[in-house]
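Residue numbers (numbering that gives the first Met the number 0), protein chains in the order written: chain A, 0 to 542; chain B, 0 to 97.
These are calculated hints, taken from the structure and not from any lab test. Incorrect hints may have been included.
Residues from chain B shown here face chain A by an in silico Cβ test under 10 Å; the list is partial [stated by the list, open to error]:
1. Lys1
2. Asn6
3. Ala44
4. Ala45
5. Met58
6. Gly62
7. Arg64
8. Pro77
9. Val79
10. Arg80
11. Ile97
Model, not experiment: these values are computed from the prediction. Virtual Cβ for every residue (Gly too), placed ideally from N, Cα, C.
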Amino acid sequence: MYQYDKYDQQMVDTRVAEFRDQVERRLAGELTEDQFKPLRLMNGLYLQLHAYMLRVAIPYGTLNSKQMRMLGHIARKYDRDYGHFTTRQNIQYNWIKLEDAPDILADLASVEMHAIQTSGNCIRNISSDQYAGAAADEIADPRPWAEILRQWSSFHPEFSYLPRKFKIAVIASDEDRAAMRLHDIGIQLVHKDGELGAKFFVGGGMGRTPMIAPEIRDFVPADELISYAEACLRVYNRYGRRDNKYKARIKILVHELGKEEYTKQVEEEFAHMKTLGLNPPVEELARISEYFADPAFEVDASDELDLSDPDFNLWVDQNTVVHKQAGYSIAIISLKPKSGIPGDASSAQIDLMADLAEQYSFDEMRVTHSQNIVLPHVKKSDLYALWQKLDEAGLAPANLDLITDSIACPGLDYCSLANARSIPLAQKISERFADLGRQRELGELKLKISGCINACGHHHAGHIGILGVDRKGTENYQLLLGGSAAEDTSLAKITGPGFSEDGVIDAIETVTDLYLKERQEDERFIDTYRRVGMAAFKEAIYG
Amino acid sequence: MKILTGNDLKTGDVTWWTGSDWSRHVEDAVDVGESFETILHEEEAARRVNVPYAIEAEMTDDGPRPAHIKDRVRALGPTVRPDLTLKPADPEAGNWVI
Numbered sequence: 000m001y002q003y004d005k006y007d008q009q010m011v012d013t014r015v016a017e018f019r020d021q022v023e024r025r026l027a028g029e030l031t032e033d034q035f036k037p038l039r040l041m042n043g044l045y046l047q048l049h050a051y052m053l054r055v056a057i058p059y060g061t062l063n064s065k066q067m068r069m070l071g072h073i074a075r076k077y078d079r080d081y082g083h084f085t086t087r088q089n090i091q092y093n094w095i096k097l098e099d100a101p102d103i104l105a106d107l108a109s110v111e112m113h114a115i116q117t118s119g120n121c122i123r124n125i126s127s128d129q130y131a132g133a134a135a136d137e138i139a140d141p142r143p144w145a146e147i148l149r150q151w152s153s154f155h156p157e158f159s160y161l162p163r164k165f166k167i168a169v170i171a172s173d174e175d176r177a178a179m180r181l182h183d184i185g186i187q188l189v190h191k192d193g194e195l196g197a198k199f200f201v202g203g204g205m206g207r208t209p210m211i212a213p214e215i216r217d218f219v220p221a222d223e224l225i226s227y228a229e230a231c232l233r234v235y236n237r238y239g240r241r242d243n244k245y246k247a248r249i250k251i252l253v254h255e256l257g258k259e260e261y262t263k264q265v266e267e268e269f270a271h272m273k274t275l276g277l278n279p280p281v282e283e284l285a286r287i288s289e290y291f292a293d294p295a296f297e298v299d300a301s302d303e304l305d306l307s308d309p310d311f312n313l314w315v316d317q318n319t320v321v322h323k324q325a326g327y328s329i330a331i332i333s334l335k336p337k338s339g340i341p342g343d344a345s346s347a348q349i350d351l352m353a354d355l356a357e358q359y360s361f362d363e364m365r366v367t368h369s370q371n372i373v374l375p376h377v378k379k380s381d382l383y384a385l386w387q388k389l390d391e392a393g394l395a396p397a398n399l400d401l402i403t404d405s406i407a408c409p410g411l412d413y414c415s416l417a418n419a420r421s422i423p424l425a426q427k428i429s430e431r432f433a434d435l436g437r438q439r440e441l442g443e444l445k446l447k448i449s450g451c452i453n454a455c456g457h458h459h460a461g462h463i464g465i466l467g468v469d470r471k472g473t474e475n476y477q478l479l480l481g482g483s484a485a486e487d488t489s490l491a492k493i494t495g496p497g498f499s500e501d502g503v504i505d506a507i508e509t510v511t512d513l514y515l516k517e518r519q520e521d522e523r524f525i526d527t528y529r530r531v532g533m534a535a536f537k538e539a540i541y542g
Numbered sequence: 000m001k002i003l004t005g006n007d008l009k010t011g012d013v014t015w016w017t018g019s020d021w022s023r024h025v026e027d028a029v030d031v032g033e034s035f036e037t038i039l040h041e042e043e044a045a046r047r048v049n050v051p052y053a054i055e056a057e058m059t060d061d062g063p064r065p066a067h068i069k070d071r072v073r074a075l076g077p078t079v080r081p082d083l084t085l086k087p088a089d090p091e092a093g094n095w096v097i
């Protein structure tokens with residue numbers, strides 16, 4: 000994992016001191032809320048329905064045990080004993096006191112963490128593949144590139160006041176596990192003629208106007224990746240709309256200019272940038288990459304597993320993934336228990352996950368955009384002991400990628416932007432489909448729930464998506480089908496008129512029943528939907 | 000009726016205007032009619048509340064009930080964590096929100 004150098008640490012410490020002063024001035028009445036709001040937002044501090052909410056950045060979802068324990072400490076000391084892992088691979092605390100915020104940021108800084116650029120019209124936390132460095136199918140480790148992008152984008156003077164927020168994802172495999180093409184910039188590391196470089200996809204996103212990012216360049220040499228990203232940002236910063244926040248994202252610019260014209264302008268800017276010598280020095284690339292070297296895997300670790308315990312067998316089958324190193328597995332801790340709140344973890348659970356990562360996974364964890372936690376490097380011979388400890392703590396639902404492994408935004412229970420509650424739906428769906436045999440019969444089924452059009456719950460990208468709306472003061476839920484955040488990226492379509500809370504759950508049962516009736520061979524839900532089409536599903540739902 | 004609400008500056012807690020102070024409990028809220036702008040300005044300037052605003056509510060036997068579900072969630076707490084609401088001992092409290 001990357002470790003701060005003296006510059007990183009000084010930047011973060013200085014920001015804590017600056018914010019402490021700003022909070023004191025706010026509490027003393029020297030700053031109005033209008034003056035203070037942009038300052039607190041620059042430090043990830045929102046005002047939500049019940050209290051201040053702090054969003055802490057977890058760079059590309061990667062953290063170690065010391066950092067995870069600090070997240071548990073903050074939950075215990077300053078919040079109400081839990082945290083909420085988000086669809087942006089971050090964590091949020093819902094009950095923060097303004098007067099405590101500087102101390103929290105100081106605590107975070109002590110473990111090389113912060114909340115900078117988790118809000119505002121700037122480049123947000125870089126996201127990446129949660130299996131980076133462990134995946135068997137990656138062509139390179141995307142984390143050094145995510146880290147270089149993090150350093151480049153942190154306090155970038157030119158990009159601190161963009162037309163709108165900006166999200167970048169980096170992956171390094173053909174399988175997309177990071178919703179890459181639904182980001183403002185999606186970067187896929189690729190090889191071309193033996194050289195490492197990147198494909199660039201620009202102008203994707205969800206929100207009220209969902210778009211899939213088109214590919215604008217099939218290969219940028221790796222050492223020019225930052226310059227190309229900067230060229231993409233420069234064109235956006237120059238021409239992105241600032242008069243209408245709903246048309247201010249780069250996806251609107253790319254759509255209105257057209258991919259060809261936007262690309263032409265980026266290429267011109269890139270050609271200019273290459274004359275300026277702004278590529279990161281080779282030594283810096285090498286220095287950062289060294290932090291992401293493989294841990295000391297046992298080269299003769301056994302692939303043998305005793306699967307005689309049927310519950311363990313199910314968990315291994317559902318919640319572990321092939322590792323690049325023989326004798327190891329990637330283990331996924333599901334934060335989606337029956338009737339649970341997707342992404343929530345108590346401080347005790349957070350501490351336990353830290354302990355288990357230290358004991359079994361070379362001190363590493365990842366947060367997924369699906370609101371689960373990954374232990375990336377677990378020796379297969381340790382899996383049973385790990386599973387037993389997870390099971391005791393309620394952290395072993397064997398439901399990865401099944402219908403109860405749903406994504407849900409905080410919704411109207413916490414969020415001031417929401418129009419409807421999301422979490423109760425996730426809970427009721429987990430109860431309706433609680434039978435694991437039934438879930439596994441349905442197979443991979445990505446269910447994603449948002450409480451408003453801003454789409455933090457990624458409903459556009461759900462095989463089944465749910466969007467909560469306000470209909471004359473009453474919660475109403477639209478059902479969407481056919482979305483995908485994977486490499487076969489697609490946007491879900493609304494089935495028709497919305498439903499009550501119970502009604503939408505009944506409708507989900509109807510569409511899953513139809514899927515089981517119609518599917519051929521090994522088709523997933525999304526495959527059957529694409530083959531059969533919306534009409535059959537609408538007919539089943541509405542008659 | 001119209002009632003005033005905001006968040007406590009230091010803690011962020013949801014608060015309701017009682018006519019002379021701010022309370023955590025919506026039951027204590029009073030009808031301010033249409034003449035509330037001065038109260039909002041004075042109370043925010045005094046840093047007793049953050050971003051206060053007026054909302055519609057109806058008077059019931061249990062006191063004022065905000066017209067919009069969002070304000071009812073604010074008044075009680077998250078419906079999915081009854082233990083964190085203002086009425087943790089009342090399992091039916093969430094029904095008031097819906």
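Evaluation of the provided hints:
1. Lys1: 17 Å, violated
2. Asn6: 6 Å, holds
3. Ala44: OK, holds: alanine 44 (chain B) within 10 Å of chain A, min 8 Å.
4. Ala45: 9 Å, holds
5. Met58: 18 Å, violated
6. Gly62: 19 Å, violated
7. Arg64: 12 Å, violated
8. Pro77: 4 Å, holds
9. Val79: With Cβ-Cβ at 5 Å, under 10 Å, it holds.
10. Arg80: 8 Å, holds
11. Ile97: 8 Å, holds
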